[in-house]
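S.K.: Protein chains in written order, with the numbering used here: chain A, 17 to 716; chain B, 543 to 744.
A couple of the hints might just be wrong.
Claimed, not checked - Negatives, chain B to chain A, calculated, CB over 12 Å:
1. ASP575
2. SER582
3. TYR586
4. ARG587
5. GLY610
6. ALA614
7. ASN646
8. TRP648
9. THR657
10. ALA658
Claimed, not checked - Capping the alpha-carbon separation at 20 Å, the derived lysine to aspartate or glutamate pairs in DMTMM-like fashion look like this:
11. B/LYS707 / A/ASP93
12. A/LYS165 / B/ASP599
13. A/LYS165 / B/ASP701
14. A/LYS165 / B/GLU608
15. B/LYS622 / B/GLU685
What the hints assert, rightly or not - Simulated DEER-style distance windows between Cβ atoms:
16. A/ASP237 / B/PRO567: 23 to 29 Å
17. A/ALA42 / B/ASP696: 25 to 31 Å
18. B/THR727 / A/VAL295: 37 to 43 Å
Derived from the structure by calculation, the hints contain no laboratory data. Ideal Cβ positions, reconstructed from N, Cα and C, are used throughout, including at glycine.
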Amino acid sequence: MRALRNTIFILLAALLPLLGRAQATATAPHLTVQLVVPPAQIFPGQHFTAGLYFKLAPGWHVYWTNAGDSGEPPAIDWNLPAGITAGPMQFPAPQRLPLGPLMDFGYEHQVLFPIPVTVPSSFKPSGPTATLGGKVTWLVCSNVCIPGKATLSVDRPALASPPASPGTIAADQQLIDEFRNTLPQPLPASDQARFLATSKGFTLAVKTGHREQSAEFFPFDSSILSNAAPQPVQPFGDGVKIALTKDQNLNSTPNQLHGVLVLGNRRAYEIHATPGTLVLSAASASSSAMLRIVLLAFLGGIILNLMPCVFPVLFLKGLALVQSSSEERRKIRLHGLVYTLGIVISFWIIVGTLLALRAAGHNFGWGFQFQSPLFLALLALLLFFLGLSLAGQFEIGLSLTSAGSGLAAKQGYTGSFFTGVLAVVVATPCTAPFMGAAIGYALTASAATSIAVFTAVALGLAAPYLLLAFNPAWTRLLPRPGAWMEVLKQAVSIPIFGTVIWLVWVFNQTAAAASLVFLLTAFLLLAIAGWILGRWPAKTPATIAAVLVVTAAVAVPLWAIHTLAPSQVASVQDAVWQPFSPDLVARYRSEGKPVFVDFTASWCLSCQVNERVVLDRPEVQDALKSSGVELIRADWTRHSQVIADTLASLGRDGVPTYALYPANPNDPPHLLPEVLTPGIVIRALDQLKAGDSSAAKSGL
Amino acid sequence: MIRRIALALTFAITLPVFAARVGAPAPTFTGTDSHGSTISLSQYRGKYVVLEWTNKDCPYTRAQYESGNMQALQRKWTAKGVVWLTILSSAPGHQGYMTAAQENAWIQTVHADPTAAILDPDGTIGMAYGAKTTPHMFVINPEGKLIYDGAIDDHPTTDSSAVDKAHNYVTDALTEAMAGRVVATDYTRPYGCSVKYASEGE
Numbered sequence: 017m018r019a020l021r022n023t024i025f026i027l028l029a030a031l032l033p034l035l036g037r038a039q040a041t042a043t044a045p046h047l048t049v050q051l052v053v054p055p056a057q058i059f060p061g062q063h064f065t066a067g068l069y070f071k072l073a074p075g076w077h078v079y080w081t082n083a084g085d086s087g088e089p090p091a092i093d094w095n096l097p098a099g100i101t102a103g104p105m106q107f108p109a110p111q112r113l114p115l116g117p118l119m120d121f122g123y124e125h126q127v128l129f130p131i132p133v134t135v136p137s138s139f140k141p142s143g144p145t146a147t148l149g150g151k152v153t154w155l156v157c158s159n160v161c162i163p164g165k166a167t168l169s170v171d172r173p174a175l176a177s178p179p180a181s182p183g184t185i186a187a188d189q190q191l192i193d194e195f196r197n198t199l200p201q202p203l204p205a206s207d208q209a210r211f212l213a214t215s216k217g218f219t220l221a222v223k224t225g226h227r228e229q230s231a232e233f234f235p236f237d238s239s240i241l242s243n244a245a246p247q248p249v250q251p252f253g254d255g256v257k258i259a260l261t262k263d264q265n266l267n268s269t270p271n272q273l274h275g276v277l278v279l280g281n282r283r284a285y286e287i288h289a290t291p292g293t294l295v296l297s298a299a300s301a302s303s304s305a306m307l308r309i310v311l312l313a314f315l316g317g318i319i320l321n322l323m324p325c326v327f328p329v330l331f332l333k334g335l336a337l338v339q340s341s342s343e344e345r346r347k348i349r350l351h352g353l354v355y356t357l358g359i360v361i362s363f364w365i366i367v368g369t370l371l372a373l374r375a376a377g378h379n380f381g382w383g384f385q386f387q388s389p390l391f392l393a394l395l396a397l398l399l400f401f402l403g404l405s406l407a408g409q410f411e412i413g414l415s416l417t418s419a420g421s422g423l424a425a426k427q428g429y430t431g432s433f434f435t436g437v438l439a440v441v442v443a444t445p446c447t448a449p450f451m452g453a454a455i456g457y458a459l460t461a462s463a464a465t466s467i468a469v470f471t472a473v474a475l476g477l478a479a480p481y482l483l484l485a486f487n488p489a490w491t492r493l494l495p496r497p498g499a500w501m502e503v504l505k506q507a508v509s510i511p512i513f514g515t516v517i518w519l520v521w522v523f524n525q526t527a528a529a530a531s532l533v534f535l536l537t538a539f540l541l542l543a544i545a546g547w548i549l550g551r552w553p554a555k556t557p558a559t560i561a562a563v564l565v566v567t568a569a570v571a572v573p574l575w576a577i578h579t580l581a582p583s584q585v586a587s588v589q590d591a592v593w594q595p596f597s598p599d600l601v602a603r604y605r606s607e608g609k610p611v612f613v614d615f616t617a618s619w620c621l622s623c624q625v626n627e628r629v630v631l632d633r634p635e636v637q638d639a640l641k642s643s644g645v646e647l648i649r650a651d652w653t654r655h656s657q658v659i660a661d662t663l664a665s666l667g668r669d670g671v672p673t674y675a676l677y678p679a680n681p682n683d684p685p686h687l688l689p690e691v692l693t694p695g696i697v698i699r700a701l702d703q704l705k706a707g708d709s710s711a712a713k714s715g716l
Numbered sequence: 543m544i545r546r547i548a549l550a551l552t553f554a555i556t557l558p559v560f561a562a563r564v565g566a567p568a569p570t571f572t573g574t575d576s577h578g579s580t581i582s583l584s585q586y587r588g589k590y591v592v593l594e595w596t597n598k599d600c601p602y603t604r605a606q607y608e609s610g611n612m613q614a615l616q617r618k619w620t621a622k623g624v625v626w627l628t629i630l631s632s633a634p635g636h637q638g639y640m641t642a643a644q645e646n647a648w649i650q651t652v653h654a655d656p657t658a659a660i661l662d663p664d665g666t667i668g669m670a671y672g673a674k675t676t677p678h679m680f681v682i683n684p685e686g687k688l689i690y691d692g693a694i695d696d697h698p699t700t701d702s703s704a705v706d707k708a709h710n711y712v713t714d715a716l717t718e719a720m721a722g723r724v725v726a727t728d729y730t731r732p733y734g735c736s737v738k739y740a741s742e743g744e
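Starting from the given sequences, assemble the full structure and let the hints guide the process.
M.R.: So, in structure tokens, the structure goes:
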């Protein structure tokens, strides 16, 4: 009996160490978990990276530090020999785990959480072996969740001093190495991350220097974003922008967005995005977005034909077409193509100049040339001269053919070409609603995109005439030449003179008040030149004289513009609209007053229409006054870098632009459409009131 | 696969739109309780209402019930005139789903004491509130305003013995509101298992 009892005791004693032996791995429902400790020995002054390794059954996952809508990350409660410390568990870049309408963040298949371990130089081994262990807890889920726990430990020989050549456990080291680049890296110093508040949440802009097709942002703070909301990505040539939706209970803009940004090619960065704008260049768009923009641009080009600035030129070409309706079809088609070529090449010159200027760092908007009094004067002179000819004072074709020069009105292919050019020149300031968006987009995009968009506009602009030229059937519909043509020609001079009046009015806003008289003198000189040409047609001395007079006509206003200082911008200042400055806007907002900024220019027809027909209307003025909104007008008739920068920061390129800034400086401005109606303005004011009052209710 | 994405997208789009906001009026709803009666939030105007999303098989919910903590809370606050509604939004075939009879049986078994237990198998009420986890708690004041949305307490655990160590947010919210004070912690990240809404398989 006694012998049996002793045997059992001895057996138990022998087994006891076995039971207490370190278990580095544990198997649990749907996963195995392993404590990974690469060093073969533990000694003083040692630093190494241990790891917690999970291998998961398919369809099951564990969680990231911010688990998302549900779930909990794994944790380890260490049990280490005296003096040895372990740092915090580090989390590899997660993935999005959707679960119906909810979204969690975590890991599938396998994951290793590195943990830095430090053995102090004062470490004294208490025995031949050091046992590093801990209690690991986790939550593993698929569509149901199962909490789990395991106690893991590893034994390693403990040394009193560092060995000559420390060894490593190959298998453990291999695991650590395999998962080394799953950890997010700090964002390189050359890269930047910024965010801006939007009505729905935030736009996160990251500049990495490469084109990024995909990006996902995982915030460390679980209260900032709506986890399930999709994150639409906008690729750029040197970075990416992500639209983030905020948590519905978020009341104020955070002062940073701290989280993990996962990009394509398994790159992940830990970013601290600060508020601010980030200009990302060269968004070479996806082909479908590109196509849509190009189509829109083409449509815009067609519509441009209807604009009062362009229509007279189309008239001219229509006239020429009518006159040549008896010519061969081929010639008509060729005229159409040459006209198109004139338009396309002019657009290319413009976009080329804009791209060059953008490369040089300038920020010009579409229509900027109309801020130059010189340009305005020259264009006015040209059109006036043209109008005189059309009205019947003289025949350009005859005299200038004999003079050997003469461009736009010259018959033949050259005439068609330069009529195309003229059409472009007058079209630019008429930024129709389509055009603004397409051009603004194009100017921020890559050179290839800009050129494609501008070419589409050019083709749209040329399309109607080209259509006529290519459709022989329709040419037959054109009336036979006759006396009516002369009447039509003279009638066309009317809209041309109308355009001249408008140009003179704009010129008056941009140049010195005194230069107006010089411009009008130039018109007189042109009329004299026209009289000479008309009275003595096709006579060389007369032509020379006319050319001299024209030269004088051009020189006079040029000199005036050059020498006379422009007057203060005669902005549309009345008691209602205050002149724009960013500080003024900021000041009013800090006083709790919302601000409405009207970005306008005298050469911008849609701006003038919106102002006369909508903004200056009594009921809209009343609504603006009663809502306590401060009214500011940003007059961009003359170039202003401040206004150009403000427009750029609003994501707009030209005028008209209408921005309603809420009283709360943290809220982003609300941009109204380019075509206003009283309803749109009043609705925006109502939304502003609703936004302010709900903000007040939630205790802001 | 595409259907799944489309469904997820639809939910993703609608969930933020319909989810409740602390400080705003709580979304109204009408539901059927485990005894077949129609319950609507509006009938409790003038009283404090607590909404508790539940799932008897979720380890976190189980810890709250096995420790007796949830039942104690229910009894304590219903005694003070608070309306306590337990809501089950698990879809049929998903974890935690119960028929009315099963729910009544379970309430008896765990000695739960809510004012009513609402069955929401199509998840309408859950989606209206943006209920994400079980347990996810909402507190509504007598004027119908949502004054708390979030976790039941500050210690996420599946261990029933650790529950009583936690600091209870629902108790805080009700105590502060009843004393006429502003609720200090009105929004926390709810912890637990995800609410088992219907989805096209996982």
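S.K.: For every hint, state whether the structure bears it out.
M.R.: Consistency of the hints with the structure:
1. No Cβ of chain A approaches the Cβ of B/ASP575 within 12 Å, the least distance being about 24 Å, so the stated non-interface status holds.
2. Consistency note on B/SER582: stated as away from chain A, and its beta-carbon is indeed over 12 Å from all of that chain's, at 23 Å minimum.
3. Taking the minimum C-beta to C-beta distance to chain A, about 21 Å, the non-interface status of B/TYR586 holds against the 12 Å cut.
4. The claim that B/ARG587 lies off the interface holds: its Cβ sits roughly 18 Å from the closest Cβ of chain A, which is beyond the 12 Å cut-off.
5. The non-interface label for B/GLY610 is consistent with chain A: the shortest C-beta to C-beta separation is roughly 19 Å, beyond 12 Å.
6. With a closest Cβ-Cβ approach of about 23 Å to chain A, B/ALA614 is found to remain outside the 12 Å limit, as its non-interface label requires.
7. Separation of B/ASN646 from chain A is adequate, the least Cβ-Cβ distance of about 23 Å exceeding the 12 Å criterion.
8. Every beta carbon of chain A lies more than 12 Å from that of B/TRP648, the smallest distance being close to 17 Å; the non-interface claim holds.
9. With a closest Cβ-Cβ approach of about 26 Å to chain A, B/THR657 is found to remain outside the 12 Å limit, as its non-interface label requires.
10. Every Cβ of chain A is farther than 12 Å from the Cβ of B/ALA658; the closest lies at roughly 25 Å, confirming the non-interface assignment.
11. A distance of roughly 18 Å separates the Cα atoms of B/LYS707 and A/ASP93; the hinted pair therefore holds under the 20 Å criterion.
12. A distance of roughly 18 Å separates the Cα atoms of A/LYS165 and B/ASP599; the hinted pair therefore holds under the 20 Å criterion.
13. In summary, the hint linking A/LYS165 to B/ASP701 is supported, as the alpha carbons are separated by about 11 Å, within the 20 Å threshold.
14. For the hint linking A/LYS165 to B/GLU608, the alpha-carbon distance of about 19 Å falls within 20 Å, and the restraint holds.
15. Of the supplied pair hints, the one linking B/LYS622 and B/GLU685 holds, its CA atoms being roughly 17 Å apart against a limit of 20 Å.
16. Between A/ASP237 and B/PRO567 the C-beta distance comes to about 27 Å, which sits within the given range of 23 to 29 Å.
17. Here the CB-CB span from A/ALA42 to B/ASP696 is close to 29 Å, well matched to the stated 25 to 31 Å.
18. A hinted range of 37 to 43 Å for the beta carbons of B/THR727 and A/VAL295 is consistent with their spacing of about 40 Å.
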